[in-house]
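J.: Given next are the chains, with one letter for each unit.
There are 2 protein chains.
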Amino acid sequence: MRLEHPRLTERFGAVRIHELQRVIELDSGSDREDVAGQEGLTSQTVPLSALRKIEREMAIVIPCMNETRRVIEGVLSGIPHDCLIILVSNSQRSQVDRYEIERHTVEQFCRSAERPALTIHQRDPGLAAAIKAAGLPELIDDDGLVRNGKGEAMLVGMALAALSGRRYVGYVDADNYVPGSVNEYCRAFAAGFHQADSSYTMVRISWHSKPKLKDGRLFFSRRGRTSEVTNHFLNRLIAEYSGFGTDVVATGNAGEHALSLELGMRMRLAGGFAVEPYEYVDLFEQFGGVLESPHPAVMADCVSVRQIETRNPHFHDDKGEGHVHDMRLQALNVLYHSPVCLPEVRKAIVEFMTAQGALAPGEEPAHERTYPPLSMLALDRLLDGLTTEATSFRQVEGRLAAGVLMDPPIPRAPIVT
Amino acid sequence: MRLEHPRLTERFGAVRIHELQRVIELDSGSDREDVAGQEGLTSQTVPLSALRKIEREMAIVIPCMNETRRVIEGVLSGIPHDCLIILVSNSQRSQVDRYEIERHTVEQFCRSAERPALTIHQRDPGLAAAIKAAGLPELIDDDGLVRNGKGEAMLVGMALAALSGRRYVGYVDADNYVPGSVNEYCRAFAAGFHQADSSYTMVRISWHSKPKLKDGRLFFSRRGRTSEVTNHFLNRLIAEYSGFGTDVVATGNAGEHALSLELGMRMRLAGGFAVEPYEYVDLFEQFGGVLESPHPAVMADCVSVRQIETRNPHFHDDKGEGHVHDMRLQALNVLYHSPVCLPEVRKAIVEFMTAQGALAPGEEPAHERTYPPLSMLALDRLLDGLTTEATSFRQVEGRLAAGVLMDPPIPRAPIVT
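Listed in order, the protein sequences are those of chains C and V. If you read the first sequence in numbering that gives the first Met the number 0, its first letter stands for residue 0, the second for the next number, and so on. If you read the second sequence in numbering that gives the first Met the number 0, its first letter stands for residue 0, the second for the next number, and so on.
Calculated from the structure, these hints are not laboratory results. Please note that the accuracy of each hint is not assured.
What the hints assert, rightly or not - Pairwise CB distance ranges, derived in the manner of DEER restraints:
1. His103/C with Ser241/V: 33 to 43 Å
2. Asn65/V with Ser29/C: 30 to 40 Å
3. Ser198/V with Glu396/C: 38 to 48 Å
What the hints assert, rightly or not - Calculated cross-link-like contacts (lysine-lysine; reagent style PhoX-like; alpha-carbon spacing at most 25 Å):
4. Lys211/V with Lys211/C
5. Lys209/V with Lys209/C
6. Lys211/V with Lys209/C
Note that the Cβ used here is the ideal one computed from N, Cα and C, for glycine as well.
Make the full structure from the sequences, and use the hints.
T.: Shown next as structure tokens:
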């Protein structure tokens, strides 16, 4: 894969946000010397051997809700073979048990492709029991089940990735019609980790474009409707601190993104659709130097955020305006309530939301739920609970027929650093 | 890349047509033993090292007519780095010189990606002069220029591929919105050549699906409108000889296909949109054992046709019903007039075309133009003419800044075998 060099890097305390890098070639050819350092070059190739090295240590989590079998199969076919597939489903289980169909699709694919996978249902009582026993009762709702929501599915996925012993976790949405774009996302994750200047790294994807039906033809818009708003206010927050306007954040709502577990296990994720923008907010809170960091070792190093613009357009199911509206609100809610959010930005957020009719005059943005970091989890108890109680949990063995999970699990991020 | 094994192979004389193989994984992971021969396995991985080996010897020809810069750039970004890019354009040259924009797009891309390319305009008088001098005056029209048409652009592309000294030539349409699918096509070509049991090989792509706008939503249809008709009659032809009905041909109209030059240089291509279906017809004529073959050496070996179903959907510009109608007619015309076409099939074709209103009762299908094989070309004279007279011809040098073309050129296919 060949990528542009990022031209600019913004700092927010220990957080380094690199400007969007474009993918130039999906496949940069036979392995050869990494020519990054040379004068006058505007781009860098990441040799395939380097991508492979990361892919072997990466789990790809697919949060899934009532997708069709054919679409899921396409997504699976695009995930590089060496990555571990983790499907976290919140699909309906009656009248038709759609999770059962998904699980079967994964198993069938993995049999043909001779590769391992993990699947679980978010609302499996056994999963809830295991998570509670492992020390994260905040994730459990009044019915005694893991809460509904995308952020919650991502947390479950990250916990499974941690149990698998992999070093990186990437997220890929299930509603994607183009297997080749899934392949590009995963490669971009690997390229980002390869280029990273720290073990605490996040890679976020910005799609090349998002085709929409407009007057009976395809129109390729550059930005999602929500992203523009989220990016604007995240950039505004950074600018208020630095005194210089910036456009550096281009991936505030990136569903496709990846984390080193060294970083991910330390982060507090938000519930629902607040999860992606809150990742930025949490980095600013924990590592921005404004508040005291619970992780002095990370502060002494740095947190690297890489943003990559893919070549493929993002063809997916249109969930409609309501969905977009919810996403936008949740993003602004978490930003508004962050202790690092300055009064000027707060004021602008309220003004925007009021003008949009999302807030009544004088009303305050809602609070979104956030969760403690997964480093709090007792992984051995989670593993024990999963394997004994979670009936929806499946480990699909790969060609080597070895267990997918590590037993005993190795914690990636101790609470005290 | 991981592919299903083809389950069935039909023979037509020396032509082996393998049943459609599906792509299972775009990326089959770290290189490992090729496990093709093992019992019980339904699929085969083609290791990346094998794909690379073919890609280094492959030229990818993009026939292009008035595409937008952004779409072309996307297509280029999907072509594996090691393949040589050849753009053959028949775009307008005034008011706006669109070829100039295309050429500039290719040069800019190649500069970033440090790779070579060739571009030429189909209607360049210097190209026509060079081709005439090299011994293929059939390609020249009354204006003294290379004839308009897709088949003609493909011939020019193949001649340039031959001059570059590459062993394989692949064709990829320019109107493709998904770079990842272009990448998959090229990989599938390479996988097909790797698996081929002969040096005389053709690899043809069948897309997974072709999304269409239907009542404001996307509908993923499995087959193009023209392909169904073309495949039906090609299969009918085979069945008339064998006495057994068959569905083996699934790629009669495949725009995305590739040829070993050993085979391609011996083939007679048709003009316009008859080019793709006529490739099958020409194989049946030259190597089907019905007529005497001009190439006994090939007959003693075999011609291998591989058909691969990709994972990616084919998102492209909808050229409308007229375009489709033309393509369908041209396919049936060449089949009808082939000396290997049996009376029963001829009758069925006429009945079909008459029922469609494409023929008046009693009328005969039109003749399509076909060209002599490129092995007739004096490559040295072609090279000389191109470099001295063809003003639209550009050789973009790659990282090694070596000439793109071989001088003197090595003929791939002598006329007498």
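J.: Against this structure, judge whether each hint is valid.
T.: A quick look at each hint next to the structure:
no.: 1; hint: His103/C with Ser241/V: 33 to 43 Å; verdict: holds (38 Å)
no.: 2; hint: Asn65/V with Ser29/C: 30 to 40 Å; verdict: holds (34 Å)
no.: 3; hint: Ser198/V with Glu396/C: 38 to 48 Å; verdict: holds (40 Å)
no.: 4; hint: Lys211/V with Lys211/C; verdict: holds (13 Å)
no.: 5; hint: Lys209/V with Lys209/C; verdict: holds (18 Å)
no.: 6; hint: Lys211/V with Lys209/C; verdict: holds (16 Å)
Every hint from the earlier list agrees with this structure, and none is contradicted.
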